[in-house]
Amino acid sequence: MLLEAGASTEGKDERGQTALSYAVSQGSENTAKVLLEAGATVDSNTVERAFNSDHPSIFKILLEYSKDLSADIMELALFRAVQKNQHSVVAALIDRGTDINTHNKKHYTPLLLACEMGKVESAEVLMEKGANLGIRTPAADTALHLAVQAGAASIAGLLLSKGMDTNLRNQAEETPLHFAALHNHGALVGLLVGAGAKSPLHLAAEQGHQTLAEMLLKARADPNAQDKEKKTPLHAAALRGHLSIVEMLLAKKGRTALHLAAEYGHGELINLLLSHGAAINASDSSRDTALHCACRAGHLGAVSALLGWARGEKANLLALNSLRKTPLQVAELSKTENQDIGTHSLCGLRGSQNHLRWKRSPRSSSPTCDQASPCQSQHSIPRVDGDPIPTWAGCSNV
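The sequence shown begins at 477 in this note's numbering and counts up by one.
Since the hints were made in silico from the structure, they are not lab data.
Even glycine gets a Cβ: it sits at the ideal position worked out from N, Cα and C.
The reader is advised that the hints may include incorrect statements.
The calculated lysine-lysine pairs, modelled on DSS-like cross-linking and capped at a C-alpha distance of 25 Å, are [claimed, not checked]:
{"hint": "1", "residue 1": "Lys-694", "residue 2": "Lys-706"}
{"hint": "2", "residue 1": "Lys-605", "residue 2": "Lys-581"}
{"hint": "3", "residue 1": "Lys-605", "residue 2": "Lys-582"}
{"hint": "4", "residue 1": "Lys-638", "residue 2": "Lys-704"}
{"hint": "5", "residue 1": "Lys-536", "residue 2": "Lys-509"}
{"hint": "6", "residue 1": "Lys-536", "residue 2": "Lys-605"}
{"hint": "7", "residue 1": "Lys-605", "residue 2": "Lys-560"}
{"hint": "8", "residue 1": "Lys-581", "residue 2": "Lys-560"}
{"hint": "9", "residue 1": "Lys-582", "residue 2": "Lys-560"}
{"hint": "10", "residue 1": "Lys-707", "residue 2": "Lys-694"}
{"hint": "11", "residue 1": "Lys-560", "residue 2": "Lys-536"}
{"hint": "12", "residue 1": "Lys-509", "residue 2": "Lys-560"}
{"hint": "13", "residue 1": "Lys-638", "residue 2": "Lys-605"}
So the derived label-pair ranges between C-beta atoms look like this [what the hints assert, rightly or not]:
{"hint": "14", "residue 1": "Asn-643", "residue 2": "Gln-493", "range": "45 to 55 Å"}
{"hint": "15", "residue 1": "Glu-540", "residue 2": "Gly-627", "range": "33 to 43 Å"}
{"hint": "16", "residue 1": "Gly-666", "residue 2": "Gly-573", "range": "36 to 46 Å"}
{"hint": "17", "residue 1": "Ala-648", "residue 2": "Glu-540", "range": "40 to 50 Å"}
{"hint": "18", "residue 1": "His-659", "residue 2": "His-579", "range": "25 to 35 Å"}
Whole structure, please, built from the sequences with the hints as guidance.
Printed below as a string of structure tokens:
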């Protein structure tokens, strides 16, 4: 009746409150509908009252019946809906055109806020509606950092299912795994490691950060910790050829990486590992030695480093792996993209010589090779299970 008599919807009392503000505070949905249909304005104060009331459905009335909500009001409402975990309102606001990646005063997006506060349902709606997972906080924390810090395993699992990288670091060089360990979230540690997260020491070793690796080891980081692929920090350093970190990890009695160094062709690293006592003829679960690995991968430099080792036990050229193959036979069977290490390469002189000079083996009647022509023949052919095995006992360079 008052509206019919010409009363203004924008009139305020002595406290500056409009009729709509009171209706919203009291959860009077019918009154709010009438006022909104009559053109009542929805401002930030009205939005705050709607979300602070004991009637969570009242904002849906505001959203449905208001004729013109500004972008600022819509964005404010989106953040408040996330804070209250009113996921149906979150969905409705996005469907009405609210910017899903808008920023608040802290430069957080709605998704970052949902992750930090552990609001699972709202985070799920935002991800389903296409929120940008790559936006970070001013401190470079990702949504995964925030979810882990909040102990929100469900949100972390959703982010990982969307393909979020577990090893991204913030400005403090911390990964989500740092946060999980710091806050003693055991379930999250398992979740992250299972998704491929690497320990801080793995990352330092992989990227060659010697100072960081030293700090981590002093803080009792485990040099034998394994990642998802069962590799230790020593393996990571060996793969990238970071000699100083390998030395440091070896001093902490990390596991040997000679097989990996050979497989990836790090000749200098092979010498370093051997000088620290790595067993040159140690075999892995397939009974491959480092020489088998180097031959299979086609790394002549690694082969030369192993054959050239003279400060202790020498590489066993007759070692048989689980397939009863010697390094030479492995080389002959493996056609790699790098190069095929054949008989001549295995017999090659240490250094850069490409041809061989052979003495006649006392166990063989094979002819000798001169320096002017490549070695094309095996020196003696004893047999093991029917397979010919070269004998290099007469080689002057082995």
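| field | Unsatisfied constraints (hint numbers, rising) | value | none
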